[in-house]
Amino acid sequence: MTTTGDGTERQTPAHAQIPTAADLPAATVRRLPEYLRALHSLTDSGVDTASSETLAAATGVNSAMLRKDLSQLGASGMRGVGYNVATLAAYIAGVLGLTKFSRVAIIGMGHLGQALARYPGFSDRGFAIVGLFDADQGIIGKDLDGLTVRDVALLPGAVRDEGINIGVIATPEAAAQNVADVLVDAGVTSILNFAPCVLAVPEGVAVRKVDLAVELQILSFHEHHKTHRQTQTGTVK
Numbered sequence: 602m603t604t605t606g607d608g609t610e611r612q613t614p615a616h617a618q619i620p621t622a623a624d625l626p627a628a629t630v631r632r633l634p635e636y637l638r639a640l641h642s643l644t645d646s647g648v649d650t651a652s653s654e655t656l657a658a659a660t661g662v663n664s665a666m667l668r669k670d671l672s673q674l675g676a677s678g679m680r681g682v683g684y685n686v687a688t689l690a691a692y693i694a695g696v697l698g699l700t701k702f703s704r705v706a707i708i709g710m711g712h713l714g715q716a717l718a719r720y721p722g723f724s725d726r727g728f729a730i731v732g733l734f735d736a737d738q739g740i741i742g743k744d745l746d747g748l749t750v751r752d753v754a755l756l757p758g759a760v761r762d763e764g765i766n767i768g769v770i771a772t773p774e775a776a777a778q779n780v781a782d783v784l785v786d787a788g789v790t791s792i793l794n795f796a797p798c799v800l801a802v803p804e805g806v807a808v809r810k811v812d813l814a815v816e817l818q819i820l821s822f823h824e825h826h827k828t829h830r831q832t833q834t835g836t837v838k
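Residue numbering for the sequence shown follows the working numbering, starting at 602 and increasing by one per position.
Some clues are possibly wrong.
Said to hold, decoys possible - Quick list of in silico lysine-lysine cross-link-like pairs, DSSO-like style, CA-CA up to 30 Å:
no.: 1; residue 1: K810; residue 2: K743
no.: 2; residue 1: K701; residue 2: K743
no.: 3; residue 1: K810; residue 2: K827
no.: 4; residue 1: K810; residue 2: K669
no.: 5; residue 1: K701; residue 2: K669
no.: 6; residue 1: K701; residue 2: K810
Simulated from the structure, these hints should not be mistaken for laboratory data.
Small disclaimer: the values here were computed from a predicted structure and weren't measured.
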């Protein structure tokens, strides 16, 4: 237990019970990786404690929302001191399931798949890329930073034998659903989908969709309406 500046004893993250997925709003879960990134950055800078205002500024959310999110996790800071950075980072990592490495397969070794395979930041955040797969005979057998691209037909066996628990789909749209079906049939229940389509998966399979074109379209919307507002107010030069 920790005694706060007002004499109230509160449970520290190190001893709090880690909440389940059902306990946390989806919006809170989406913000947790940003909190963790900010905490790691503070640790790298030699910061031991940080206020909610400091963490909020580093993550781009308001401090009231951050305190509410952390309270839902069971994490409390000390009044007048703030949060212990290392303890809070370890706790959030536990909530996110990052206390052990997740074993990841990337399917689709085009330009995007190869870029993902070569990205060095995954290992620092608890993810081990252990399998690369494609259907193109011209790519199969190619070495990418020590991993050999394998035939996608070998994917089910690799999931079983190598403990792969996350699949990353970087294929063209036409192949994405078939790859998702193979992953699900092999026992994978977490999929990150970069293909520009919606995947049909059974209940209990988590899918996160990343569509870069959609994100650019949203930025285009904001740019268009910013320009429109400036035109209306006569501020465009």
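How the hints compare with the structure:
no.	hint	verdict
1	K810 / K743	holds, 27 Å
2	K701 / K743	holds, 29 Å
3	K810 / K827	holds, 27 Å
4	K810 / K669	holds, 27 Å
5	K701 / K669	holds, 27 Å
6	K701 / K810	holds, 24 Å
Checked against the numbered hints listed earlier, the structure breaks none of them; every hint is satisfied.
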